[in-house]
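A.B. asks: For reference, the chains in residue letters:
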Amino acid sequence: MQFGIFSVGDVTQDPTTGRTPGEGERISAMTDYALKAEEVGLDVFASGQHHNPPFISSAPTTHLAYIAAQTQNLKLSTATTLITTTDPVRIAEDYAFLQHLSGGRVDLMMGRGNTGPVYPWFGKDIRQGVPLAVENYHLLRRLWREEVVDWQGKFRTPLQGFTSTPRPLDDTPPFVWHGSIRSTEIAEQAAYYGDGFFHNNIFWNIEHTAQMVELYRRRFEHYGHGSADQAIVGLGGQVFLAGSEAEAKKAFRPYFDVAPVYGHGPSLEEFTRMTPLTVGTPEMVIERTLGFADQVGDYQRQLFLMDHAGLPKDVVLEQIEILGREVVPVLRREFEARRPAHVPSDPPTHASLVAQGPGAPHHLVAPARASETAAATA
Amino acid sequence: MTRRIVVTTAGLSQPSSTRLLADRLADAVTAQVSARGEAASVEVVELRELAHDLATTMTTGGMPTPAVAQARDLVSSADALIAVTPVFAASYSGLFKMFVDVLDPEAISGMPVLIAATAGTARHQLVLDHALRPLFSYLRAAVVPTGVFAATDDFGGAGSADLGRRITRAAGELAGAVVAAGVAGFGPSEGSRSAGTRVEQQVTDFEDLLAGLGQ
Chain A
1 MQFGIFSVGD VTQDPTTGRT PGEGERISAM TDYALKAEEV GLDVFASGQH
51 HNPPFISSAP TTHLAYIAAQ TQNLKLSTAT TLITTTDPVR IAEDYAFLQH
101 LSGGRVDLMM GRGNTGPVYP WFGKDIRQGV PLAVENYHLL RRLWREEVVD
151 WQGKFRTPLQ GFTSTPRPLD DTPPFVWHGS IRSTEIAEQA AYYGDGFFHN
201 NIFWNIEHTA QMVELYRRRF EHYGHGSADQ AIVGLGGQVF LAGSEAEAKK
251 AFRPYFDVAP VYGHGPSLEE FTRMTPLTVG TPEMVIERTL GFADQVGDYQ
301 RQLFLMDHAG LPKDVVLEQI EILGREVVPV LRREFEARRP AHVPSDPPTH
351 ASLVAQGPGA PHHLVAPARA SETAAATA
Chain B
1001 MTRRIVVTTA GLSQPSSTRL LADRLADAVT AQVSARGEAA SVEVVELREL
1051 AHDLATTMTT GGMPTPAVAQ ARDLVSSADA LIAVTPVFAA SYSGLFKMFV
1101 DVLDPEAISG MPVLIAATAG TARHQLVLDH ALRPLFSYLR AAVVPTGVFA
1151 ATDDFGGAGS ADLGRRITRA AGELAGAVVA AGVAGFGPSE GSRSAGTRVE
1201 QQVTDFEDLL AGLGQ
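For the record, the sequence lines run as chains A and B.
Everything in the first sequence is counted per our numbering, starting at 1 for the first residue and increasing by one.
Everything in the second sequence is counted per our numbering, starting at 1001 for the first residue and increasing by one.
No lab work stands behind these hints: they were computed from the structure.
One or more of the hints may lead you astray.
[As the list claims (entries may be wrong)] Pairs of lysine to any residue residues, derived as SDA-like cross-links and limited to a Cα-Cα distance of at most 20 Å, are as follows:
(1) K154(A) - Y119(A)
(2) K124(A) - L1210(B)
(3) K154(A) - K1097(B)
(4) K249(A) - A1211(B)
(5) K154(A) - A1211(B)
(6) K249(A) - R288(A)
(7) K1097(B) - G265(A)
(8) K124(A) - T71(A)
(9) K154(A) - D1208(B)
[Unchecked claim] A few chain A residues that don't get close to chain B, going by computed Cβ distances all over 10 Å:
(10) D94
(11) F97
(12) V118
(13) P131
(14) Q152
(15) E214
(16) P254
(17) P266
(18) V330
(19) V343
(20) A368
(21) R369
Quick caveat: nothing in here was measured; it's all calculated off a predicted structure.
Positions of the beta carbon are idealized from the N, C-alpha and C atoms, including for glycine.
The whole structure should be built from the sequences, with the hints applied where relevant.
C.D. replies: In structure tokens form, the structure reads like this:
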């Protein structure tokens, strides 16, 4: 199972000091979090993509390449790549390039996650969010899998005899996750292609998350990629750790109470009940996180949001340290112990996809079509 | 069969004249359903008790608290709704609107609804037709023709007998709509209402989504 951290790259004032980090400072801090993640044995660092203040994460490939150059094993992901407003040709090129630079340590998480004004800034219409996600991703798959693409769609300039360069590393496109909180079409999309499904999870109750995952699993099986419990699932989560629950709450509460995303609303205790937020000891975090598998089934990737709400850099680094040293080793052991043998432990990686060979379903633009054809002729 | 009548009442004080009106309407509707040979049960949602939960739901991007989710389920699964609000600043109260705002857009589609309001003076009586009726039209509810407005004077002043007559007439209209709605399982379905509290497990096949885009 993969464990890691994800950052949305918000620049938020530290409410306890009134100090707001500069943009450069924030970017540099995110880099340090990624390096710390590798140092303490985490598997994944994922960056968001935003194009409006207060976020700085507008150029994830640039950032991830910089991190790739300073790490050996860390997998680099996005959380999420805006498949609605980013040209799929740019995504194909940028991330294939990053694949080469990083030695294949790249996967992507697709999302629509945009606030309204972002769409028109990129010439798009938010009401077309789902069709944009459907068409753009289908084109992206073709660009990574077909040498020469002739293509005409609804949203983008047609392509005639186009070759996206560089070609994916070892002719093997990165593994892709589809992130969705509520849109069932996106769970369906992930299932259709046999891609991963990531539920951000952090603003919703686990019962809701479980229903979204259940839909994806059922449709994954429907499209012939394996049994429902073999589908590739990732979850988000957010935690704050300390030696005792009281200590953790005392330290985190001032940040929680005014946090841009959930501050001024529910109490820390209410939000802890309603969502996966866990503020307490490593043991509490371990117990809560293991409980997710009871709700959504055995899954393959767990990412934690650690650097939110204006927490200062030294605190975040310490949090990642505790997560990597005290929480994740136990989670790895316990998740493996409960996992049935036929359920994959890890999501596909570049190495595993290459090992499957060029004839593997991953290399098909629409593997679900192939399995339906096979079923029809059988 | 027993028809399920759900009452939402947005009064803030205890005791509340809004709740008083809500109870009189509920009793009258129950009696009118019985008069048509059917039974009715009444469930009341005191929005005052949900005030904190509604604020929490609003400030967490629409994630319903368990209490809000329960209220949403209750309302959207009802056979009819009685919605009562005090008048604040020439309209329904903010608490009342907050509850409407957390309902699924399909929550009460086609549902028979009786609208009612209370206020200090009769000069607010057009609130029913200028504020409440358009709101429920937006939600595609089937609002009965008679709305019930009660000013303070109506609870004991010269016009109080008129309030009783208005309640009876409105209750008759709602009861008629509920009973006329038929019995679930017989005849064609009346379309989809959704509490929005569960993830819809029926999805459009992805091939159709792709085909819709010419791929």
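A.B. asks: All hints, please: hold or fail.
C.D. replies: Quick rundown of the hints versus the structure:
1. K154(A) - Y119(A): Measuring from Cα to Cα gives roughly 16 Å; hence the hint holds.
2. K124(A) - L1210(B): Cα-Cα ~19 Å, so holds.
3. K154(A) - K1097(B): Violated, at roughly 39 Å.
4. K249(A) - A1211(B): 51 Å, violated
5. K154(A) - A1211(B): Given pair K154(A), A1211(B) holds - Cα atoms ~12 Å apart, limit 20 Å.
6. K249(A) - R288(A): The given pair, whose Cα atoms are some 16 Å apart, holds under the 20 Å limit.
7. K1097(B) - G265(A): 18 Å, holds
8. K124(A) - T71(A): Status violated; Cα separation ~36 Å.
9. K154(A) - D1208(B): Holds, at roughly 15 Å.
10. D94: Holds, because the least Cβ-Cβ distance between D94(A) and chain B comes to about 23 Å, which exceeds 10 Å.
11. F97: 26 Å, holds
12. V118: 17 Å, holds
13. P131: Per Cβ check, P131(A) is inside 10 Å of chain B; nearest 6 Å; violated.
14. Q152: 7 Å, violated
15. E214: 7 Å, violated
16. P254: 18 Å, holds
17. P266: Incorrect as stated: the minimum Cβ-Cβ distance to chain B is 4 Å, not above 10 Å.
18. V330: 29 Å, holds
19. V343: 22 Å, holds
20. A368: 7 Å, violated
21. R369: 8 Å, violated
In summary, the structure is inconsistent with hints 3, 4, 8, 13, 14, 15, 17, 20, 21 from the numbered list given earlier, while agreeing with the others.
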